[in-house]
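**Student:** Sequence:
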Amino acid sequence: FCAQAALIVQPAGIVTSGKMGLQLGTSRPSHAIEEDACLMEARRTEAVLPHLAGRGPVGSTLLAGAVLRKQGARTERLHGGKVEETLVLGAACSEVLSGPRLAKVLRPAVDLQTRTLEALVAGQASEPLSIHTSAGLPAPLGAFVDTLSVHLPWSDAEEDWFLNLQLEGATAVWAGVEALMRLQQISNEDGAVTQRTYVAVGERSYHGPKTNALGQPAEPRWPGAPRTQGQVAYPLPTGGNSDSEHEDFLSRFDAFLDEHAENIGVILFEPQWGSSFAGRPWPKRTLQEAVQRSRAKGILVLCDEIMCGLGRHGQGTLFLSKAWGLEPDAVTFGKSIAAGPFPMSGVVVRKGAAALGAAGSKVVQCHTYAGSSALALLTAREVLEEVPKWFEHAARMGEVVAEILSPCSDGKFFQVQGLGLMWGGLFVDPDATQRQKALALLRDACKQEGVWPYFVPAGGFMMTPPMDIDESELRDGLQRLVRCLSSVRAQLAEM
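Note that our numbering gives residue 679 to position 296 of the sequence shown, counting from 1, and the numbers run on in steps of one.
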């Protein structure tokens with residue numbers, strides 16, 4: 384099939400197939416052979432979909448499909464036996480750079496792999512690509528930590544800060560909570576066990592899988608299991624910036640603190656929400672005040688920037704906490720900090736290394752591959768060197784998103800929100816069934832238009848393209864999204 388059919392991608396992402404005759408005795412270019420091999424692998428992947436449990440119902444054949452190749456946001460993938468091209472604007476912050484910039488940050492890791500493979504083939508000692516931290520530390524760790532230290536989100540960063548490296552967001556948050564809870568414990572001068580054993584999370588929040596991570600509403604770890612204990616939910620702002628909305632939230636937040644503060648050791652804030660609110664940023668002054676009031680009550684503050692970090696927020700710093708002067712006690716990072724190919728995340732804690740060390744306190748949130756990958760550390764250092772060059776670009780592209788999508792935000796049918804290169808939109812019908820119906824229509828429209836945001840269960844989407852996305856490509860994708868939203872509105876009106 385691969386040698387006989389030409390798959391033609393139409394501008395709107397619709398695919399048709401046509402026959403292409405090959406002359407006997409002619410040779411085919413090597414890139415065509417490679418494309419055929421990639422397509423064959425993709426077909427094998429499509430064939431095993433009934434055996435996969437992942438995004439969607441178990442065994443669903445309606446997943447997005449095997450990706451053949453990418454160039455920036457333009458993505459070619461196999462779906463339903465056909466090749467389709469789409470503009471991927473979502474993917475949940477899993478990509479940070481593309482093209483030559485991605486090649487640049489990946490180069491040191493590729494070079495290490497090449498050297499190591501050559502040494503292994505020759506039967507010689509080699510630099511390890513990964514090493515269990517009980518046996519030793521990966522050599523590139525120091526350079527990564529030095530580079531990260533420049534971006535710490537504190538105006539008076541001391542030498543007493545420390546970090547815990549993990550592989551993905553949920554465990555980075557757990558590591559931060561554990562570290563701060565241990566600091567709460569040793570802060571008791573009389574040595575008594577602290578009663579501050581609870582973690583405060585937003586009444587609608589996501590810090591990892593709902594079955595085994597923090598966030599609300601939580602789900603049982605397995606059907607019929609008791610709910611995860613130890614969380615208490617605080618009220619959230621409405622999202623507006625008016626004085627009345629600001630004061631209303633603070634009144635509700637103060638009432639929450641009056642009732643629960645003495646039992647709370649750590650409170651979690653997402654300065655810019657991820658999938659739970661589709662990229663909505665906190666009102667800046669409201670979050671600043673909430674952080675200050677929490678700390679005044681003796682609660683340690685953890686800002687979860689797994690999604691909005693790496694400068695994606697467009698405020699000119701790596702961490703939004705730093706741009707807004709939040710001064711949290713800890714901050715998480717992750718997603719594409721190692722460019723995507725290498726999983727890595729972590730938490731940085733403002734101070735307490737000396738105190739915990741003197742108390743002989745060690746962290747339990749540590750596992751086989753946490754902080755073990757030389758490839759991830761090499762790449763993460765390069766990302767930290769490259770991504771600040773794109774902070775201004777992220778801010779300008781945020782203006783482009785606002786320009787094109789804001790007219791769709793009427794507060795009755797749809798609401799658009801975001802910062803920099805992290806935006807989202809939610810259907811606002813008070814009926815949850817209608818919101819899900821709109822989401823299903825949007826997904827179908829996006830498939831037809833050849834654009835693919837990150838669809839969120841709340842009933843909408845998020846957009847987090849690579850930080851270096853070309854403006855013309857972004858405009859193209861956004862205009863396609865506008866057409867999709869118009870189509871959804873029209874279809875709902877006819878129902």
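If you're looking for bench data, these hints aren't it; they were derived computationally from the structure.
Computed from a predicted structure; not experimentally measured.
Be aware that a few hints might be false.
Derived lysine-lysine pairs resembling DSSO-like cross-links, with alpha carbons at most 27 Å apart [claimed, not checked]:
(1) Lys830 <-> Lys465
(2) Lys745 <-> Lys667
(3) Lys453 <-> Lys830
(4) Lys772 <-> Lys745
(5) Lys593 <-> Lys820
(6) Lys734 <-> Lys745
(7) Lys667 <-> Lys795
(8) Lys820 <-> Lys795
(9) Lys820 <-> Lys830
Distance windows between CB atoms, simulated [to be verified]:
(10) Val533 <-> Gly506: 23 to 33 Å
(11) Ala638 <-> Gly613: 18 to 28 Å
(12) Ala420 <-> Val533: 36 to 46 Å
(13) Glu586 <-> Gln675: 14 to 24 Å
The beta-carbon is built from N, C-alpha and C at its ideal position, and this holds for glycine as well.
**Student:** Kindly indicate which numbered hints from before are broken by the structure, ordering the numbers from low to high.
**Tutor:** 2, 4, 10
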